[in-house]
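Number of protein chains: 4
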Amino acid sequence: MIHPGELVQLVSPKGKRYLTTVDPERDFHTHDGRLSLEELCQKDFGETVSTHLGREYTIFKPTLYDLLKKIERRTQIIYPKDIGYILIKLGIRPGSTVLEAGSGSGSLTMALAWYVGTEGRVHSFEKRAEFYELCAKNLTRIGLSGQVVQYCQDIEGGFGITDMDAAFIDVRTPWDYLDQLAEAVRNGSPVGFLLPTTNQVSALLNGLGSAPFSDVEVLEILVRHYKPVSDRLRPDDRMVAHTGYLVFARCQK
Amino acid sequence: MIHPGELVQLVSPKGKRYLTTVDPERDFHTHDGRLSLEELCQKDFGETVSTHLGREYTIFKPTLYDLLKKIERRTQIIYPKDIGYILIKLGIRPGSTVLEAGSGSGSLTMALAWYVGTEGRVHSFEKRAEFYELCAKNLTRIGLSGQVVQYCQDIEGGFGITDMDAAFIDVRTPWDYLDQLAEAVRNGSPVGFLLPTTNQVSALLNGLGSAPFSDVEVLEILVRHYKPVSDRLRPDDRMVAHTGYLVFARCQK
Amino acid sequence: MIHPGELVQLVSPKGKRYLTTVDPERDFHTHDGRLSLEELCQKDFGETVSTHLGREYTIFKPTLYDLLKKIERRTQIIYPKDIGYILIKLGIRPGSTVLEAGSGSGSLTMALAWYVGTEGRVHSFEKRAEFYELCAKNLTRIGLSGQVVQYCQDIEGGFGITDMDAAFIDVRTPWDYLDQLAEAVRNGSPVGFLLPTTNQVSALLNGLGSAPFSDVEVLEILVRHYKPVSDRLRPDDRMVAHTGYLVFARCQK
Amino acid sequence: MIHPGELVQLVSPKGKRYLTTVDPERDFHTHDGRLSLEELCQKDFGETVSTHLGREYTIFKPTLYDLLKKIERRTQIIYPKDIGYILIKLGIRPGSTVLEAGSGSGSLTMALAWYVGTEGRVHSFEKRAEFYELCAKNLTRIGLSGQVVQYCQDIEGGFGITDMDAAFIDVRTPWDYLDQLAEAVRNGSPVGFLLPTTNQVSALLNGLGSAPFSDVEVLEILVRHYKPVSDRLRPDDRMVAHTGYLVFARCQK
Chain A
0 MIHPGELVQL VSPKGKRYLT TVDPERDFHT HDGRLSLEEL CQKDFGETVS
50 THLGREYTIF KPTLYDLLKK IERRTQIIYP KDIGYILIKL GIRPGSTVLE
100 AGSGSGSLTM ALAWYVGTEG RVHSFEKRAE FYELCAKNLT RIGLSGQVVQ
150 YCQDIEGGFG ITDMDAAFID VRTPWDYLDQ LAEAVRNGSP VGFLLPTTNQ
200 VSALLNGLGS APFSDVEVLE ILVRHYKPVS DRLRPDDRMV AHTGYLVFAR
250 CQK
Chain B
0 MIHPGELVQL VSPKGKRYLT TVDPERDFHT HDGRLSLEEL CQKDFGETVS
50 THLGREYTIF KPTLYDLLKK IERRTQIIYP KDIGYILIKL GIRPGSTVLE
100 AGSGSGSLTM ALAWYVGTEG RVHSFEKRAE FYELCAKNLT RIGLSGQVVQ
150 YCQDIEGGFG ITDMDAAFID VRTPWDYLDQ LAEAVRNGSP VGFLLPTTNQ
200 VSALLNGLGS APFSDVEVLE ILVRHYKPVS DRLRPDDRMV AHTGYLVFAR
250 CQK
Chain C
0 MIHPGELVQL VSPKGKRYLT TVDPERDFHT HDGRLSLEEL CQKDFGETVS
50 THLGREYTIF KPTLYDLLKK IERRTQIIYP KDIGYILIKL GIRPGSTVLE
100 AGSGSGSLTM ALAWYVGTEG RVHSFEKRAE FYELCAKNLT RIGLSGQVVQ
150 YCQDIEGGFG ITDMDAAFID VRTPWDYLDQ LAEAVRNGSP VGFLLPTTNQ
200 VSALLNGLGS APFSDVEVLE ILVRHYKPVS DRLRPDDRMV AHTGYLVFAR
250 CQK
Chain D
0 MIHPGELVQL VSPKGKRYLT TVDPERDFHT HDGRLSLEEL CQKDFGETVS
50 THLGREYTIF KPTLYDLLKK IERRTQIIYP KDIGYILIKL GIRPGSTVLE
100 AGSGSGSLTM ALAWYVGTEG RVHSFEKRAE FYELCAKNLT RIGLSGQVVQ
150 YCQDIEGGFG ITDMDAAFID VRTPWDYLDQ LAEAVRNGSP VGFLLPTTNQ
200 VSALLNGLGS APFSDVEVLE ILVRHYKPVS DRLRPDDRMV AHTGYLVFAR
250 CQK
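Protein chains in written order, with numbering that gives the first Met the number 0: chain A, 0 to 252; chain B, 0 to 252; chain C, 0 to 252; chain D, 0 to 252.
For reference, chain A alone in the conformation it holds in the complex (with noise of 0.2 Å):
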């Protein structure tokens, strides 16, 4: 059964997805008419609920790749192909603490938070205060606020924390913050960075360069889609074809 205060994705007929906190003395307005949330409380994931125009939605659990799609952003958010990545480069688990600048709307800060798990911690760091309240309030929504500690400081003084064990760097000039990087996570430590132009990258390589680093990998990740049609089997049109450049690197004190 689903509980009150649980939340959950609702899938349209064509496809279109709702995600929201199931509370029992509200509705939920669709395209498709109103469902009824208390009646949502009766029933499983992957069941069905009808508007009252007798629409079947569908209730799943939301995954992590459900809730990124879903967060409100007022910055280009990290995509789960990068994220997954990322994840795996930065030898993230259960228990990790990891340090993130800047947490912007808080998409990669929630994957952080999700794998981390309660006994590891996440601590980030964002300078405008505008976004970092936005991350404040997709991180409550989805209940991860417990493993993350945030910042709305500027990192230029350094960070005020050390032996992090990872980090993530996604701010315009991250040549600028290198040594206040090497300060703040343990020595061998894998860092990334996130970046759109190539300009920058030459710019973080040059860094890099001379600054405590080593075993630097530069690479991007596309994502095709393919219409799921057995028996027309094709890619879609269209696809993203560029979020940013990805530099991993290790410190080396």
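Everything labelled a hint here was simulated from the structure, so no lab data went into it.
Watch out, some of these pointers could steer you wrong.
If several chains are the same, the list does not tell them apart, and a pair holds so long as it fits within one copy or across any two.
Pairs of lysine to any residue residues, derived as SDA-like cross-links and limited to a Cα-Cα distance of at most 20 Å, are as follows [stated by the list, open to error]:
#: 1; residue 1: 126; residue 2: 21
#: 2; residue 1: 13; residue 2: 72
#: 3; residue 1: 226; residue 2: 237
#: 4; residue 1: 252; residue 2: 49
#: 5; residue 1: 15; residue 2: 213
#: 6; residue 1: 252; residue 2: 186
Model the placement of chains B, C and D on the given structure of chain A, informed by the hints.
Same frame as chain A, now just chains B, C and D:
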């Protein structure tokens, strides 16, 4: 300080990588000469040790990526680029119980075990004894066998387990096991498949159409590496162009 | 000086492109106001003309690329990225005689006619009168109809021509016409096919296996555009992910 | 019948390709034994000849693609995937006069000469005598030297020719020659560049910004081959991931 029994990654001056378990009573042989593992126990991660020929090797704590690159393999393995996406799409998290078939060399098994943590459980099925044992060996080496229940059995008669949070199927004819799969997972659960050919994708899409699954997605992931040179930034000349197509769906009984 | 009757490309200050035939007695209407085509006749290519609202439009002589982008279309057209490769694989050159089926809107017809020149000939088949006429109209507009013989007929009964140097087949079920194709081309000639789905590629490969063809190749071509900004160089956010699969073979009777 | 002096492509039972000029007085040596070129003169394209060990080789008339694959090279050559697109963007056609710098091994020179035909002309500049001669040798071998005027000279002092219909520049620092280039082509003409690194693309974009050029486009082309197997259709495991970035512009004096 690095402990005896710990798994470490050693990186040569030319970037060659080795994975080894620290046994203070043994030496480690590289292309650059012999390393004393006893000496290693007086070092920390991020530091270097010298071979008897004077070459400096850096010691890193292996991330999941490093481990996946170095597992002993006798099958086509699942790549980090695919694994990262699979984790997010399947909603794997600390505490999840996940079904996997077949284990193969155990690369995905390892990643699932890594992320479900000590509270979670991976149930991994493999029909061929040879791969069942290889997977066991790889899991033991990296200390993750406690999170995995391995089964050396054919899945045609079903899995004999239920209420799995998610499942990933990497067998040649997954369309033959869709009913068994639906029995094993909770209603609404995400499931995934990896298939090398377009013909298999078509056959699976056809099978999913008449089985208790919905919300089907087909995609492929490409990783493109760049030469990490600041003033001559460019992609590598060649890349891995194909590992397999990923298919995701939701069980809807 | 630009001549009356000449086809010109006009590029707006924002990069919007127009193709028009210079008729000194008419005006040309743009989003930025009216252009006098009479005034255009006192200009050379590379120069600009002003609309009555004072916006500067640059006049270029259209390249084949410009023409292909602007043909009137009522079908999926073949893209420049694919056409360029087709030309080279088929060995098209000034003087070649080439078979094409079906004409569609005429984008490939136009490119073939362009390259075979006045000494060559394109024989283009199209079963639907609507597209036959559209193709004729597009060829006439750009002055290439002299190099093309158009046929409005079904190809099941054969092409009724022989000794073609090369052939390109863009129909839904090309495997139904392989014998007819083999009759129409010289022995050893290169032939090509465009197919949107993997199922069609499989069916064609199957058909080629029992028809007089060898040396089969399957591929797809992707073009990725970049934002042309010197200090913020990066790929466009989105790209065309699929037009079709290209299949090439040699006739071997 | 195949003529003495004709250039032919021979394809082995395993798909290995050879390019040779038919000299009836010589034998041709393959991995499968000796072929009599005299016997070849009694055959037609599409037919086979036997080596003295009884292996059947098929005889094809080489397409431009076949020739490009087999030219003698001592430089990075321009690939068919890029050449096809260059031709269309530059508006090359029978009768065009085109400027090229530098010639390199002559792969693009060959393709330009092929398409401008006997009425057109390619002016190709190469500063290094070694490549100038290699290009000449490659052009002579395939019978296209009549359409090409070669220059062994530095281009810093200008090209010494004017009114070119189009130009393609494949040198390390093209931004150093933009004024010379603008003098050599007609106003409004399309020009193209090939550059391996993102730093060079940035430098060129910067240069074009203050030179008489407009309508700038940057792109790259990727070709992905598939295993041509009907019931196990899938991409090749590896692919060429990068040859170079293409930059196109229009001269606007």
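Reference check for the pair residue 13 and residue 72, CA-CA at most 20 Å: within, between, both, or neither?
neither (24 Å within a copy, 30 Å between copies)
Have a look at residue 252 and residue 186 and pick one of within, between, both or neither, based on CA distance no larger than 20 Å.
Within one copy, since 6 Å is at most 20 Å while 50 Å is not.
Is it within, between, both, or neither for residue 126 and residue 21, if the alpha carbons may be no more than 20 Å apart?
Neither: 33 Å inside a copy, 43 Å across copies.
Status of residue 237 relative to residue 226 across identical chains (alpha carbons, at most 20 Å):
both (11 Å within a copy, 17 Å between copies)
Homo-oligomer pair classification [residue 213, residue 15; C-alpha up to 20 Å]:
between (45 Å within a copy, 13 Å between copies)
Please sort residue 252 with residue 49 into within, between, both or neither, judging by C-alpha distance up to 20 Å.
between (60 Å within a copy, 17 Å between copies)
Of the numbered hints stated above, those contradicted by the structure are hints 1, 2, listed in ascending order.
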